[in-house]
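Chemist: Residues per chain, in single letters:
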Amino acid sequence: TQLLKQSPQFLSIQEGENLTVYCNSSSVFSSLQWYRQEPGEGPVLLVTVVTGGEVKKLKRLTFQFGDARKDSSLHITAAQPGDTGLYLCAGARSSGDKLTFGTGTRLAVRP
Amino acid sequence: GAVVSQHPSRVICKSGTSVKIECRSLDFQATTMFWYRQFPKQSLMLMATSNEGSKATYEQGVEKDKFLINHASLTLSTLTVTSAHPEDSSFYICSAPGSGGQLTDTQYFGPGTRLTVL
Chain X
1 TQLLKQSPQF LSIQEGENLT VYCNSSSVFS SLQWYRQEPG EGPVLLVTVV
51 TGGEVKKLKR LTFQFGDARK DSSLHITAAQ PGDTGLYLCA GARSSGDKLT
101 FGTGTRLAVR P
Chain Z
1 GAVVSQHPSR VICKSGTSVK IECRSLDFQA TTMFWYRQFP KQSLMLMATS
51 NEGSKATYEQ GVEKDKFLIN HASLTLSTLT VTSAHPEDSS FYICSAPGSG
101 GQLTDTQYFG PGTRLTVL
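Protein sequences appear in the order of chains X and Z. In this text, residue positions in the first sequence follow the working numbering: the first is 1, and each later residue adds one. In this text, residue positions in the second sequence follow the working numbering: the first is 1, and each later residue adds one.
Don't read these hints as lab results, they were simulated from the structure. Quick reminder that beta carbons are idealized off the backbone N, C-alpha and C, glycines included. Any given hint might turn out to be false.
[What the hints assert, rightly or not] Here are the in silico distance ranges between beta carbons for each label pair:
#1 X:V50 - Z:G53: 28 to 36 Å
#2 Z:P40 - X:S12: 16 to 24 Å
#3 X:T20 - Z:S9: 44 to 52 Å
#4 X:S7 - Z:Q29: 34 to 42 Å
#5 X:E38 - Z:H7: 13 to 21 Å
#6 X:K56 - Z:A72: 34 to 42 Å
#7 X:G16 - Z:L118: 42 to 50 Å
#8 Z:V3 - X:K56: 23 to 31 Å
#9 Z:P86 - X:K57: 17 to 25 Å
[What the hints assert, rightly or not] Covered stretches of chain Z, going by a simulated chain X footprint (3 or more residues, C-beta under 8 Å):
#10 60 to 74
#11 109 to 116
Starting from the given sequences, assemble the full structure and let the hints guide the process.
Modeler: So this is what it looks like as structure tokens:
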């Protein structure tokens, strides 16, 4: 059972455009992480959010944790080809619990 | 930052043979490591939790006799795919928590091992 559903599943945009990726669940998570994975490599952690309503910024990336801690979003401003990759959200339902990965969003940014 | 390595990066084997994949934490100790499986264009699925000095904990539906895990030291965990079949072909990734030993701590992922079973 996939607890975390990401949308869209695939996204192909032009360089300079903005985009938002959503990570939704019917379950409450104590923490949620976002990763970016390139082909043939392991995921790399981008951010961890733990507080409902929390917003974190990482350069052109803005991450938000929903007030109810059931969902999260990743917004990229002025996307660049280097942003291309698989974006994964992952949540833990309680401290020390296992990480559940989302279904993934594959982003392609065209020059 | 913490580095996790995996060896080999790619392996091709014949059906029926066994394959061992190593996961090493290079500059930190990890009493716990995690093994994931990822099919093409899909997300990561946790297979098992590797525990140094004790038995691994397997997720539901993962055959422990098929996927043998040994956490021999504080820096090394191995996953052996026994009697491999074509359906075992996948991308296997390990991770280790940077501190605390809990899954919710920052996870450092290895680069993955692509297994192809002919």
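Chemist: Taking the beta carbons of T20 of chain X and S9 of chain Z, is their distance inside 44 to 52 Å?
Modeler: The hint (44 to 52 Å, Cβ to Cβ) is violated, given that T20 of chain X and S9 of chain Z are roughly 34 Å apart.
Chemist: Quick check on a hinted range of 34 to 42 Å for K56 of chain X and A72 of chain Z, using CB atoms only.
Modeler: Holds, since K56 of chain X and A72 of chain Z (Cβ atoms, about 38 Å apart) stay within the stated range.
Chemist: Do three or more residues from the stretch 60 to 74 of chain Z put their C-beta atoms closer than 8 Å to C-beta atoms of chain X?
Modeler: violated (count 0)
Chemist: Apply the coverage criterion to the stretch 109 to 116 of chain Z and chain X: a residue qualifies when its Cβ sits closer than 8 Å to a Cβ of the chain, and three qualifying residues are needed.
Modeler: holds (count 5)
Chemist: Falls inside 34 to 42 Å, the C-beta gap from S7 of chain X to Q29 of chain Z?
Modeler: Because 39 Å falls inside the window, the suggested range holds.
Chemist: So does V50 of chain X sit 28 to 36 Å from G53 of chain Z, Cβ to Cβ?
Modeler: Between V50 of chain X and G53 of chain Z, where Cβ atoms are some 30 Å apart, the hint holds.
Chemist: Is the hinted range of 23 to 31 Å satisfied by the C-beta distance from V3 of chain Z to K56 of chain X?
Modeler: 24 Å, holds
Chemist: Does the beta carbon distance between E38 of chain X and H7 of chain Z stay inside 13 to 21 Å, or does it fall outside?
Modeler: About 19 Å separates the Cβ atoms of E38 of chain X and H7 of chain Z, which means 13 to 21 Å holds.
Chemist: Please check whether P86 of chain Z and K57 of chain X have a Cβ separation lying inside 17 to 25 Å.
Modeler: Check failed, 45 Å falls outside 17 to 25 Å.
Chemist: Take the C-beta atom of G16 of chain X and the C-beta atom of L118 of chain Z, compute their distance, and say whether it sits inside 42 to 50 Å.
Modeler: Distance hint for G16 of chain X, L118 of chain Z holds at roughly 45 Å.
Chemist: Please check whether P40 of chain Z and S12 of chain X have a Cβ separation lying inside 16 to 24 Å.
Modeler: Once the Cβ atoms are compared, 18 Å apart, the range 16 to 24 Å for S12 of chain X and P40 of chain Z holds.
When each numbered hint is compared with the structure, violations occur for hints 3, 9 and 10.
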